[in-house]
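As a plain string of letters, each chain reads:
Number of protein chains: 2
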Amino acid sequence: MRTRLLSAASLLCFATLPAFADPLPSWNDTDTKSRIIAFVDATTDTASDDYVTPADRIAVFDNDGTLWAEQPVYFQLLYAMDRVARMAEDDPSILTSDVLKAAANGDLEGALANGEDGLIEIVVTSHSGLSVSAFEQDVSDWLETAVHPQTGAPIIGMVYQPMLELLSYLRDEGFATYIVSGGGIHFMRAFAEDVYGIPPQQVIGSAGKSSYAVIDGVPTIMKDPGIAFVDDKEGKPIGIDTKIGKRPILVGGNSDGDFEMLEWATAGDGPRLGMIVHHTDADREWAYDRDSHIGSLSRGLDESDARGWLLIDMAGDWANIWP
Amino acid sequence: MRTRLLSAASLLCFATLPAFADPLPSWNDTDTKSRIIAFVDATTDTASDDYVTPADRIAVFDNDGTLWAEQPVYFQLLYAMDRVARMAEDDPSILTSDVLKAAANGDLEGALANGEDGLIEIVVTSHSGLSVSAFEQDVSDWLETAVHPQTGAPIIGMVYQPMLELLSYLRDEGFATYIVSGGGIHFMRAFAEDVYGIPPQQVIGSAGKSSYAVIDGVPTIMKDPGIAFVDDKEGKPIGIDTKIGKRPILVGGNSDGDFEMLEWATAGDGPRLGMIVHHTDADREWAYDRDSHIGSLSRGLDESDARGWLLIDMAGDWANIWP
Ligand SMILES: [Ca+2]
Ligand SMILES: [Ca+2]
Numbered sequence: 000m001r002t003r004l005l006s007a008a009s010l011l012c013f014a015t016l017p018a019f020a021d022p023l024p025s026w027n028d029t030d031t032k033s034r035i036i037a038f039v040d041a042t043t044d045t046a047s048d049d050y051v052t053p054a055d056r057i058a059v060f061d062n063d064g065t066l067w068a069e070q071p072v073y074f075q076l077l078y079a080m081d082r083v084a085r086m087a088e089d090d091p092s093i094l095t096s097d098v099l100k101a102a103a104n105g106d107l108e109g110a111l112a113n114g115e116d117g118l119i120e121i122v123v124t125s126h127s128g129l130s131v132s133a134f135e136q137d138v139s140d141w142l143e144t145a146v147h148p149q150t151g152a153p154i155i156g157m158v159y160q161p162m163l164e165l166l167s168y169l170r171d172e173g174f175a176t177y178i179v180s181g182g183g184i185h186f187m188r189a190f191a192e193d194v195y196g197i198p199p200q201q202v203i204g205s206a207g208k209s210s211y212a213v214i215d216g217v218p219t220i221m222k223d224p225g226i227a228f229v230d231d232k233e234g235k236p237i238g239i240d241t242k243i244g245k246r247p248i249l250v251g252g253n254s255d256g257d258f259e260m261l262e263w264a265t266a267g268d269g270p271r272l273g274m275i276v277h278h279t280d281a282d283r284e285w286a287y288d289r290d291s292h293i294g295s296l297s298r299g300l301d302e303s304d305a306r307g308w309l310l311i312d313m314a315g316d317w318a319n320i321w322p
Numbered sequence: 000m001r002t003r004l005l006s007a008a009s010l011l012c013f014a015t016l017p018a019f020a021d022p023l024p025s026w027n028d029t030d031t032k033s034r035i036i037a038f039v040d041a042t043t044d045t046a047s048d049d050y051v052t053p054a055d056r057i058a059v060f061d062n063d064g065t066l067w068a069e070q071p072v073y074f075q076l077l078y079a080m081d082r083v084a085r086m087a088e089d090d091p092s093i094l095t096s097d098v099l100k101a102a103a104n105g106d107l108e109g110a111l112a113n114g115e116d117g118l119i120e121i122v123v124t125s126h127s128g129l130s131v132s133a134f135e136q137d138v139s140d141w142l143e144t145a146v147h148p149q150t151g152a153p154i155i156g157m158v159y160q161p162m163l164e165l166l167s168y169l170r171d172e173g174f175a176t177y178i179v180s181g182g183g184i185h186f187m188r189a190f191a192e193d194v195y196g197i198p199p200q201q202v203i204g205s206a207g208k209s210s211y212a213v214i215d216g217v218p219t220i221m222k223d224p225g226i227a228f229v230d231d232k233e234g235k236p237i238g239i240d241t242k243i244g245k246r247p248i249l250v251g252g253n254s255d256g257d258f259e260m261l262e263w264a265t266a267g268d269g270p271r272l273g274m275i276v277h278h279t280d281a282d283r284e285w286a287y288d289r290d291s292h293i294g295s296l297s298r299g300l301d302e303s304d305a306r307g308w309l310l311i312d313m314a315g316d317w318a319n320i321w322p
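From first to last, the protein sequence lines are chains A and B.
Numbering that gives the first Met the number 0 puts the first residue of the first sequence at 0, with every later residue one more than the last.
Numbering that gives the first Met the number 0 puts the first residue of the second sequence at 0, with every later residue one more than the last.
This is chain A alone, in the form it adopts within the complex (with noise of 0.2 Å):
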């Protein structure tokens, strides 16, 4: 599982920076990098009164939209749509409704024409009935050649070079660095940690149900319809709190899906460090926030200041976007 790296992902560049070197290089010199480099000295020099011990050194990101990108739909939703049509081609009738054989035709459209309630048939067809390791390399396998139905850009290489910076450089500085997603959990592992360096087990996410069996002799994990857990708003601090058992001291989100994450997060005593990843570069990535069907960002634009949450601006703050 996950043997072949993927060609974008091996040109993304994890090696430790010396250090007198910029640990993030593709971040412009503003008052978001001079921020967050000073929590990393504060929460890291034992000599600072804000000195934290490594154990407790936890740093949580959202995925879609703040670390690889989200429109015009979150790219589980494009490997669902992909994986209904192979699905399709060995057995056409699972194409039971008018969602099905949209997504089945790579028609987003129509895909997206029932709502969440069609989103999530789609999602449950595409990622139940096979094992987690069979699901986990035929993500891995689509990632392979998948393309930005916009830009035809590789989807694997949709990641944001700044934030793969951000992870390496809180790793060098002792940081356990988790994803906190709505995104699924198998889908993820799939490629966390040969793109952002975050191994399995510190990949939280929703979840569908699963079952063990025997299934010919050979004990297997297999993905069942049905959904066990959604890693999404209050589900977040929930996630956190039965994967992880520690409050982090560090979050990183982009969306209002992430206000009670950073809102718990950053209540904890002593230092914290709460950001949002805002889309404002509509040139070179996207530029949404209050109005967009995806990512929407409204609660925390409005309270960001008055928490002292860190509010990236994408166009202001990034040299770079991507890798």
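Chain copies aren't distinguished; within one or between two, either way the pair holds.
Cut-off 20 Å, straight-line C-alpha distance, at most; resulting in silico cross-link-like pairs (SDA-like, lysine to any residue): (1) Lys208 with Asp137; (2) Lys245 with Ser209; (3) Lys245 with Pro53; (4) Lys245 with Val217; (5) Lys100 with Ala112; (6) Lys208 with Asp116; (7) Lys232 with Ser130; (8) Lys245 with Thr52.
Note that these hints are calculated values from the structure, not bench results.
Dock chain B with the ligands against chain A, hints included.
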């Protein structure tokens, strides 16, 4: 939370031993000890065909009956009964059933009289309606004085010294050690780090429902009535998949509730070690297996030889049992 170290726990020793010392001094020089050391040597020697990269050196252990004692009832039930009694002092109206009344009176027989339904009633009553942090502090406080109902020994001292040594030895050899237990995740986290050296993110267990709320301005995770996940039998491999995302190479358990976890983990490619603590020592601990109402071991006993699992004979393999 957990700031007051338990007095008995502070006596436990986790010192790193020099390489030439016996890493398992409380284990007799039997085949069991030889097989454990041979497995660790083979998986950590880069020249060995069975070498395993540190990232894949995942070791998981059941808790009740594997790392600490479990007779005459799970110690978590003793805590639950004690908490029901304290809750009833404040508000006697919570004692709405005979089982809860028995629990409040410390009447173990009465608490068990209604079988599993009664136990769930006692656990749900005592494990909900407070925040996670208040709950963990309450467990920690209880453990400072809780004694065993039969022996009067401190509960926190009823951990197995040979297993403490095994946990330390494995960590010294680059293994990550996890608990995977049917016990409650927040209950175990209250002592797992102090007593076993296992941090909260490496404790996997059963979980009640929880919710996130801002209470009097304080973001809080509350423990609610109801059960979210049962980490027993087939739930153990599922819990490991969800939280670790890798198949362990070493698994320790003691009852048929660990069967599926042992089966799944030892079926993986490469070197694997499954072990079962067999309670054979009525003099120093307890002797029980097939017919025990708690920690019943039957299928594991029948199949351990054929499956190559190591059956640990507590009476013969352990020189000391208690710290
Ligand atoms: Ca997001
Ligand atoms: Ca057990």
